[in-house]
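**Q** Residue numbers (our numbering), protein chains in the order written: chain A, 1 to 418; chain B, 1001 to 1098.
FYI, nobody ran anything at the bench for these hints, they're computed from the structure.
Cβ coordinates follow ideal geometry from the N, Cα and C atoms, glycine included.
Worth double-checking, as some hints may not be accurate.
[As the list claims (entries may be wrong)] A few chain A residues facing chain B, derived, Cβ under 10 angstroms: (1) 311; (2) 415; (3) 416.
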Amino acid sequence: MSRYSAFSIFRNALSGQKNWQRAWRAAEPKPSYDVIVIGGGGHGLATAFYLAENHGIRNVAVLEKGYIGGGNVGRNTTVIRSNYLLDGNTQFYEFSMKLWENMSRALNFNVMFSQRGQLVTAHSADQLDGFSHRANIMRLNGIDADILDRDEVRQLVPYLDFSDTARFPIHGAIFQGRAGTARHDAVAWGYARAADGHGVDIIQNCEVTGFLRDGDSIVGVETTKGRIGAGKVGLAVAGHTSVLGAKAGLELPIESHVLQAFVTEPLKPLVDHVVAYGADHFYVSQSDKGGLVFGGNLDGYNSYAQRGNLGVVREVAEAAIALMPCISRVRLLRHWGGVMDMTPDASPIICLTPIEGLLLNGGWCYGGFKATPASGWCFAHTIATGKPHPLIAAYGLDRFRTGRTLDEAGAGPSAWLQ
Amino acid sequence: MLRIECPCCGLRDHEEFRYGGDASVTRPAHDDPDPQAWYAYVYLRANPAGPHREFWQHVIGCRQWLVVERDTRNHAIASVELARKLAPRKSLARKSPA
Chain A
1 MSRYSAFSIF
11 RNALSGQKNW
21 QRAWRAAEPK
31 PSYDVIVIGG
41 GGHGLATAFY
51 LAENHGIRNV
61 AVLEKGYIGG
71 GNVGRNTTVI
81 RSNYLLDGNT
91 QFYEFSMKLW
101 ENMSRALNFN
111 VMFSQRGQLV
121 TAHSADQLDG
131 FSHRANIMRL
141 NGIDADILDR
151 DEVRQLVPYL
161 DFSDTARFPI
171 HGAIFQGRAG
181 TARHDAVAWG
191 YARAADGHGV
201 DIIQNCEVTG
211 FLRDGDSIVG
221 VETTKGRIGA
231 GKVGLAVAGH
241 TSVLGAKAGL
251 ELPIESHVLQ
261 AFVTEPLKPL
271 VDHVVAYGAD
281 HFYVSQSDKG
291 GLVFGGNLDG
301 YNSYAQRGNL
311 GVVREVAEAA
321 IALMPCISRV
331 RLLRHWGGVM
341 DMTPDASPII
351 CLTPIEGLLL
361 NGGWCYGGFK
371 ATPASGWCFA
381 HTIATGKPHP
391 LIAAYGLDRF
401 RTGRTLDEAG
411 AGPSAWLQ
Chain B
1001 MLRIECPCCG
1011 LRDHEEFRYG
1021 GDASVTRPAH
1031 DDPDPQAWYA
1041 YVYLRANPAG
1051 PHREFWQHVI
1061 GCRQWLVVER
1071 DTRNHAIASV
1081 ELARKLAPRK
1091 SLARKSPA
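Working from the sequences, and respecting the hints, build out all of it.
**A** Structure (C-alpha cells):
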C-alpha cells in the first residue's frame, strides 16, 4: 500500500494522476481464515484493521453482501460525540472520541473529522438541571462539557428561534466542544484501505447464507461465493443481526427499525455546529457541500425496508421549523432510510456468545457511527483474546436477563420507543 | 405510508394507530416464577425479515387492538384481525387458582 502524502500527489502529477493504486484489492475468498468478520461496514472493517494492527492477526476476511460504504456506514448523519450519562457508555464513547481524534493519522486517510462542537438545547429549568447532571458526570470522567445559559446559546447559534413566540423557549444548552462530524464514506474507505494494507481480504458482493458447524461450534460460513472456513466468526451486521443470528441459532433482544435521514439543497454556511433540539427529536449539521443534514425519530414499526414513510418527514420538518424558523423555505434534496438494530435499552451488544466460535457485535440502534473505532478496537480485542475488552464489559447479551440494562433515555423495554 | 384495513372503521392511515409490537410473544402466567419465561416475554424477539404478526391500536378511531400480519421487507399487509377475537391466550390464565 503506497502512503498518501503531499509528495505522492506531486509524484503522481508527473504521470498525469493515472497511476494511483486501488485503495484495496478486489479479493476472492481463500478456503479458510483465522477470523472471518461478517459485515463490511465501519464496525466490521475497523474490527479487521485492529485485529491486524493491534493483535497481529492478518489472516482475516471481511465479507460484505453489498459494496463497501453501501450500508449504514454511508446512511448515518455522521455525528460524533461522547456526552453519555451512564457508566459503561461514558467511558466507551470517550475512548471512541480519542480514537477519532487520531484517526486520519492512524489510517493515513483524511476522514475529515471536524470537531465543530455539539449542543443540545434545554427548554425548561428542569431540563437544564438534567443537563448539568450529565455535564458533571462527563467532567468527572475527564470529558469536556459546558452548560450555556440562554444568552450564551444565542451568541453561539443566533439563527435558532429566540423570539417571544417560540413554541418551546430556549433556556440554555449543554455543549461539547470536541464533538463534531466526519465524512462517513472516508471512514469506511480508510479502514478498508488500511486493513487491506495489513493483508486483510475484503470480499464484496459475498452474502453469508449460513454457518458451518462442527458439533456445537461454528467453524466457518456458507456464502454466495462458496464455503469458507474460519477459526472464529465475528458478526458485525447491525440492522440484520437478527437474520444472521437466527441462522446461527441465537435468540436476540433486537428489533429492526427504520431511521430516516435528510439533506437539503446546499446553502451558504449557516450551521457551524451540530445542534440537537431538546424539546423534540431533531438534530442538524451542515455538510461541506452546504446541505443541512438532519434526522429525527424512528418510523416506529419493525422494518427491513431501508426506506421510510412520509409521516416522519412531516414530523421532522415540524421540529426543524420549531427550532429554526429560518429554514422553512429550504427545499429537501434527498431523504433515505437505514435499518437499525434496536435493543430494548438502546445500548449496543458486543460480546462472546453461547455458541463456540461466534462473537457478536450489534444492536447499535442509531448511535453506531460515533462508536466505529472503539467498537472495532474492543471487538478485535475480544476476538483475539477470547475475553471481553474491559470497555465493553457492560455490553454483554446477558444484561437483559440480569437486569443490568443501560437505558440512557429511560424509555423502558420497547425497542421502537427508544 | 401504511394503510390498515380496520375491521370497524375501514381503510385508515397508519398514523391513526399506535404500534404495539410483536404479537407472537405470549405473556407468562401471572404467578410464573421462571425468570427465563419473563426474559423471553419482555426482551426476546424473532424480528423476522418477512411476515410479522404485530399489534396496532386504532387510537384515533375505534380504539380496538388489532393483530396485523405485515411483511417487514415491503409493508404488504396480509391480514388484519381484532385481537380480542383471536383465541384467548392460555398464558393469561393463572397457573394455580387465585
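**Q** Give a verdict on every hint.
**A** Here is what the structure says about each hint:
Given the 10 angstroms rule on beta carbons, the hint for residue 311 (chain A) holds: about 5 angstroms separates it from the nearest Cβ of chain B. Hint status for residue 415 (chain A) relative to chain B: holds, with the closest Cβ pair at about 8 angstroms, below 10 angstroms. The beta carbon of residue 416 (chain A) is positioned within 10 angstroms of a beta carbon in chain B (closest approach about 6 angstroms), and the interface hint is therefore held.
Hint check: no violations occur; every hint is consistent with the structure.
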